[in-house]
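With the hints as your guide, set chain D onto chain R.
The chain contents come next:
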Amino acid sequence: MSTYANKKGFGATIWDYLTTVDHKKIAILYLISGGLFFVIGGLEAMFIRIQLAIPNNDFVSAGFYNEILTMHGTTMIFLAAMPLVFAVMNAVVPLQIGARDVAFPFLNSLGFWLFFFGGVFLNLSWFLGGAPDAGWTSYASLSLHSAGHGIDFYVLGLQLSGFGTLMAGINFLVTIINMRTPGMTYMRMPLFTWSTFVVSALILFAFPPLTVGLVLMMFDRMFGANFFDVAAGGNTIIWEHLFWIFGHPEVYILILPAFGIFSEIFATFSRKRLFGYSSMVFATVLIGFLGFMVWAHHMFTTGLGPIANAIFAVATMAIAVPTGIKIFNWIFTMWGGSVKFTVPMLYAVAFIPTFTMGGVTGIMLASAPADYQYHDSYFVVAHFHYVIVGGVVLGLLAGINFYWPKMFGTMLSEKLGQITFWTFLIGFHLTFFIQHFLGLMGMPRRVFTFLDNQGFNAGNMISTVGAFLMAFGVLVMVINIIITSVKNEKVGNDPWGDGRTLEWAIASPPPFYNFKQLPLVRGLDPYWVEKMEGKKEMTPAEPLGDIHMPNSSILPVTIALGLFVAAFGALYHMDDKSWTLPIIIVGLLITFGSMLIRSVKDDHGFHIHKEELMDDKDKGGKA
Amino acid sequence: MANEQSNSANPNVDLKYRRKKNAEEMKHQVITFVLMIFFTLLSFAAVGIEGFSHWFIKPVILLLAVIQVIFQLYYFMHMKHKGHGTIALFLFSGLAVGLITVLVFTTIVWL
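Note that the protein sequences, when read in sequence, are chains R and D.
Numbers 1 to 623, taken from this note's numbering, label the letters of the first sequence in order.
Numbers 1 to 111, taken from this note's numbering, label the letters of the second sequence in order.
Bound conformation, chain R alone (with noise of 0.2 Å):
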């Protein structure tokens, strides 16, 4: 297996892809499809944006707004926030733990391939005969009665890419209990690193309910089942509870990893360690714990009565002492430090005073008796995407900076990010600020048309300007992208020059079994602690050795492929048509025949020998 610095043709690397296993790899195609889905998302976006422009508009019909604004809402959580934490997790925590992969390799494959065909299910929707449009949350009093298949879409194509996300939550658990590198205790871990493991218990608890959710949706849906049907006995609220104790701990689950990723950044270009490690740490489980005890504040206006939103209340008033704790460290950080403002810096410092906002409007919301008044308007709209594009896609668009050199080898162009990060800042808060005065005026939400003469023309028509300046600081992006891989200019370890953590101490990118040696951490930000004592590089834990090596596969696609294929027979099988059986029958055969494959075959994986690993001029010195 020597042959891999091999040069490759076009098919030999998308087999190559297929079938790969190798997290940093996988990392990369989780962030071409979710990139893929965030243009798709963004698209419908711009088109809720255009609709909304003017008063009275016909830019799109009232049935096709309900589609692109549920489409919206399902693609950027599930399709586009959800794979690009996933891109950066993959890529970077196994490299800061010290890790050669993640525990179970192929595992991580299939959990991409599930998500990938989940997500390509859901969009195929829009050319079935229509999307689902009963808004993200799909509440069943409205989705049980959406006619079309749009419904059936969401829910079987949410099943499948659920699969993957539990998978890849699982495997990220038992990577960060299991394979930490010597010296890496669970206090030395990286902040990032922290809020994955978070992160990953998040899912572990958060999707089971929404799969529970899915599946007597889809009976109702499909079988004729009535767990929502008020007439026929069912209680349509628990849906809506089930939904929310995956939903709300959701939003942790994509808000922590940017979290994690701004402590990384605020620690490096403040070349400083991180104020307050362990209360960032404490803070973190914390809002992880206190994510699964406030679902019920969404659902403020159900009905639950005085007792219930007054107890939901408090509790989700509480999360903004340790969220609050965070920021201060943040700040702390920069106080005293030598601050370089760089790109991936720019987002960091920008996402404190926006995510505040949405913080506070979160407060605000979480008082009940109050939250009678914002409810369905678009003051939530504005609340929430001030948290969600304040926090998690400033997050993720300083991840994909700052990791950039990492997984590519390549530095994104400063100036061409400085524009994105101000045209993306400036048409951000210019779509959503506004919309906190159009609720409060009493603009409800998931309207897809307005009156004239009602005070909202201005606020709406700044709001849209603003997302075309947001489309703008996208397309610069795309655009560095694609001119920083033609120019393909290689940058070394740590091309930041003030990395701290184990990643920016191999290849930028790191070679396939990423460390030769495994290194020995001897303290918080372990290149930093080299480095403070005059070393280049990382002390080997253990003697160079054999490396053994998961084999690729391609058996993850079709196990993916074939629940695909079964999806599509299990939606039109209510139709009574003949054909959907012998679907349905295939589709299982192929997941089950590749399982079986999976099971009988032995792959024992292979090792990379010693003597390969010593060709270097190191003489593997270097971890």
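Check the hints yourself; a few may be wrong.
Unchecked claim - If you anchor each label on the Cβ, the simulated ranges turn out as follows: (1) D:F105 x R:A225: 15 to 21 Å; (2) D:W55 x R:A320: 37 to 43 Å; (3) D:A65 x R:A318: 30 to 36 Å; (4) R:V314 x D:W55: 30 to 36 Å; (5) R:L596 x D:L95: 33 to 39 Å; (6) R:L475 x D:F92: 44 to 50 Å; (7) R:D546 x D:A65: 50 to 56 Å.
Source of the hints: derived by calculation from the structure; they are not laboratory data.
No experiment lies behind these values; they were computed from the predicted model shown.
We put the beta carbon where it would ideally sit given N, CA and C, even for glycine.
For chain D alone, kept in the frame of chain R given last:
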């Protein structure tokens, strides 16, 4: 991996210490086993003997059941041994999430 050295499963190391440990373990398991049988008999007795009210029987049986689960986890499934901290953490946080959900569903969904 080639560089990992593992000797913890070697039965010839510290034979005497291991013997003693195992004997102690066995004693614990026998005691908990006897207690669990006893609790089960108690539960049957509580239902079988007339004169106890429902308000007494139900909590007592539930309490005995919880104790039995703890015995099962800690003595028979070795959770009291070292290195099970993470497992316990995830088990109990999963339990907490599940119980909160059940609690909410029984109190505010089906009034």
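Here's how the hints hold up against the structure:
| no. | hint | verdict |
| --- | --- | --- |
| 1 | D:F105 x R:A225: 15 to 21 Å | holds, 18 Å |
| 2 | D:W55 x R:A320: 37 to 43 Å | holds, 42 Å |
| 3 | D:A65 x R:A318: 30 to 36 Å | holds, 33 Å |
| 4 | R:V314 x D:W55: 30 to 36 Å | holds, 32 Å |
| 5 | R:L596 x D:L95: 33 to 39 Å | holds, 35 Å |
| 6 | R:L475 x D:F92: 44 to 50 Å | holds, 49 Å |
| 7 | R:D546 x D:A65: 50 to 56 Å | holds, 51 Å |
Hint compliance for this structure: no hint is broken.
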